[in-house]
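Taking the hints into account, I'd like the entire structure generated from these sequences.
If you want the building blocks of each chain, they are given just below.
Number of protein chains: 2
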Amino acid sequence: MTVILYELQGKKDVRFSPYCWRSRMALQHKCINAEYEPVLFSQKEKIRFSKQTLVPILQDGNQVITDSWNIACYLEKEYPEKPTLFGDKYAQSLTKQFNLWMDISIHPLLAKCIMADVLEYVVADRDKEYFRKSREKRFGVSIEKYSTRSVEDIENLHHGLKSISVTLKNQPYIAGESPSYADYILFGSYKFALLTSPRNIFPADGPIMDWANRISNLFIKEL
Amino acid sequence: MTVILYELQGKKDVRFSPYCWRSRMALQHKCINAEYEPVLFSQKEKIRFSKQTLVPILQDGNQVITDSWNIACYLEKEYPEKPTLFGDKYAQSLTKQFNLWMDISIHPLLAKCIMADVLEYVVADRDKEYFRKSREKRFGVSIEKYSTRSVEDIENLHHGLKSISVTLKNQPYIAGESPSYADYILFGSYKFALLTSPRNIFPADGPIMDWANRISNLFIKEL
Chain U
1 MTVILYELQG KKDVRFSPYC WRSRMALQHK CINAEYEPVL FSQKEKIRFS KQTLVPILQD
61 GNQVITDSWN IACYLEKEYP EKPTLFGDKY AQSLTKQFNL WMDISIHPLL AKCIMADVLE
121 YVVADRDKEY FRKSREKRFG VSIEKYSTRS VEDIENLHHG LKSISVTLKN QPYIAGESPS
181 YADYILFGSY KFALLTSPRN IFPADGPIMD WANRISNLFI KEL
Chain W
1 MTVILYELQG KKDVRFSPYC WRSRMALQHK CINAEYEPVL FSQKEKIRFS KQTLVPILQD
61 GNQVITDSWN IACYLEKEYP EKPTLFGDKY AQSLTKQFNL WMDISIHPLL AKCIMADVLE
121 YVVADRDKEY FRKSREKRFG VSIEKYSTRS VEDIENLHHG LKSISVTLKN QPYIAGESPS
181 YADYILFGSY KFALLTSPRN IFPADGPIMD WANRISNLFI KEL
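Just so you know, the protein sequences line up as chains U and W, in that order.
First residue of the first sequence? That's 1 in our numbering, and the numbers climb one at a time after it.
First residue of the second sequence? That's 1 in our numbering, and the numbers climb one at a time after it.
A hint or two may mislead.
To be verified - Here are the computed lysine-lysine pairs in the DSS-like style, where the Cα-Cα straight-line distance is at most 27 Å:
(1) K137(W) with K162(U)
(2) K162(W) with K89(U)
(3) K30(W) with K89(U)
To be verified - Derived list of chain W stretches under chain U, where covered just means 3 residues or more per stretch with a C-beta under 8 Å from a C-beta of chain U:
(4) 96-105
(5) 156-166
(6) 176-182
What the hints assert, rightly or not - Pairwise CB distance ranges (calculated):
(7) P108(W) with R149(U): 22 to 32 Å
(8) S142(W) with M209(U): 52 to 62 Å
(9) G206(W) with Q28(U): 30 to 40 Å
(10) F139(W) with F139(U): 31 to 41 Å
It should be emphasised that the hints constitute simulated quantities derived from the structure, not laboratory data.
Where a beta carbon is used, it is the ideal one built from N, C-alpha and C, also for glycine.
Pasting the structure below:
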């Protein structure tokens, strides 16, 4: 049966959505061979079958699952014989709390750092007007006023990530000795920044960078 | 064998340390009958046997364990037949990350809110000079300048706890359907504020208050 992940697409086919990266990594962790289907902001008709307007969307045979957290839970439930994404039920709930913390407390700090870069460098030309309008409505000011590319914004992000940095100094992955979905949540944000901004948004050295390199090399098939 | 938890003591025998509350709750969760031995800041000689100067300290027969996180891990390992504090190894690592986040990102916000109240209302008279000196050295300014009892500081704390509030709106405990050590980490901070400040430091209604009431009633023995 064909498994398809619908992902946000930018200029030059860059897949920059942090949420889509979470699902992409979850599929790879579960060793599921999937097709990765790009979707521009302006291609809402392409995902109308999902009865909503956001990616990622997972199509697994006749099943359609939306929202990255739901997709992870679906994969864990439907593919129990594959490596676990969470661990036990306590770990799954704690991962959900981590997911919420990233979305609610860390992503606004990250958005402040890179939103101007997202618009300038990765949003496709035909999507730019939509992107500016929708984000400026959300932020209440122009993208350039919201995201001034200041050093202070980057320092605030690093300050917010301090506890992660301490954790990754003492162990290779967020949930201990092996990678799990908590890592992919953070990795999605890391890739988002890496693919979007020419500046170093995440710390350029230290435990978080070492960890990012470990995660980047997880699913590379040897020749 | 006697189990003793050495706890920080304030005026009128108030036990106000958030870290000592973590260990107290962990002992109760593990159904371990312990003695709770009070220690003033100025009674360092009382805990000299531990070869360091901080509480909580757990004495379990000949074993001496310091640091609240180490105490929780010790109890989980030594009392595996009692209810688990964490769940599996993934959950234990994610709880450690939660612990670090509370200590590194949330406690400074909480300290801003209540440090002046701690000094005024709960530190024992004979400890006041030590407390002021040690904290002012840490903060770099006077306690009254650091902790101005402003509404803004309380708003910043609530902002920091937003993801917790969303989690507890959707499930009774941080790690899901049953209480675990992650709850006791947060509960320690809640008790610290409750026992220290006459103001409402944590949200006075909503999911966090409902949860605090649930945790408060966990280990009350029925008549």
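Verification of the supplied hints:
1. K137(W) with K162(U): At roughly 22 Å apart (the allowed maximum being 27 Å), K162(U) and K137(W) satisfy the hint.
2. K162(W) with K89(U): Holds: K162(W) and K89(U) sit about 22 Å apart, inside 27 Å.
3. K30(W) with K89(U): This hinted pair holds, its Cα atoms lying about 19 Å apart.
4. 96-105: Since three or more residues must qualify, the claim that chain U covers the stretch 96-105 of chain W holds, with 8 doing so at under 8 Å.
5. 156-166: holds (count 5)
6. 176-182: Three-residue rule met by the stretch 176-182 of chain W, so holds; n is 4.
7. P108(W) with R149(U): 22 to 32 Å: holds (27 Å)
8. S142(W) with M209(U): 52 to 62 Å: violated (39 Å)
9. G206(W) with Q28(U): 30 to 40 Å: holds (39 Å)
10. F139(W) with F139(U): 31 to 41 Å: Since the Cβ atoms of F139(W) and F139(U) sit about 34 Å apart, the hinted range of 31 to 41 Å holds.
The structure shown violates just one earlier hint, number 8.
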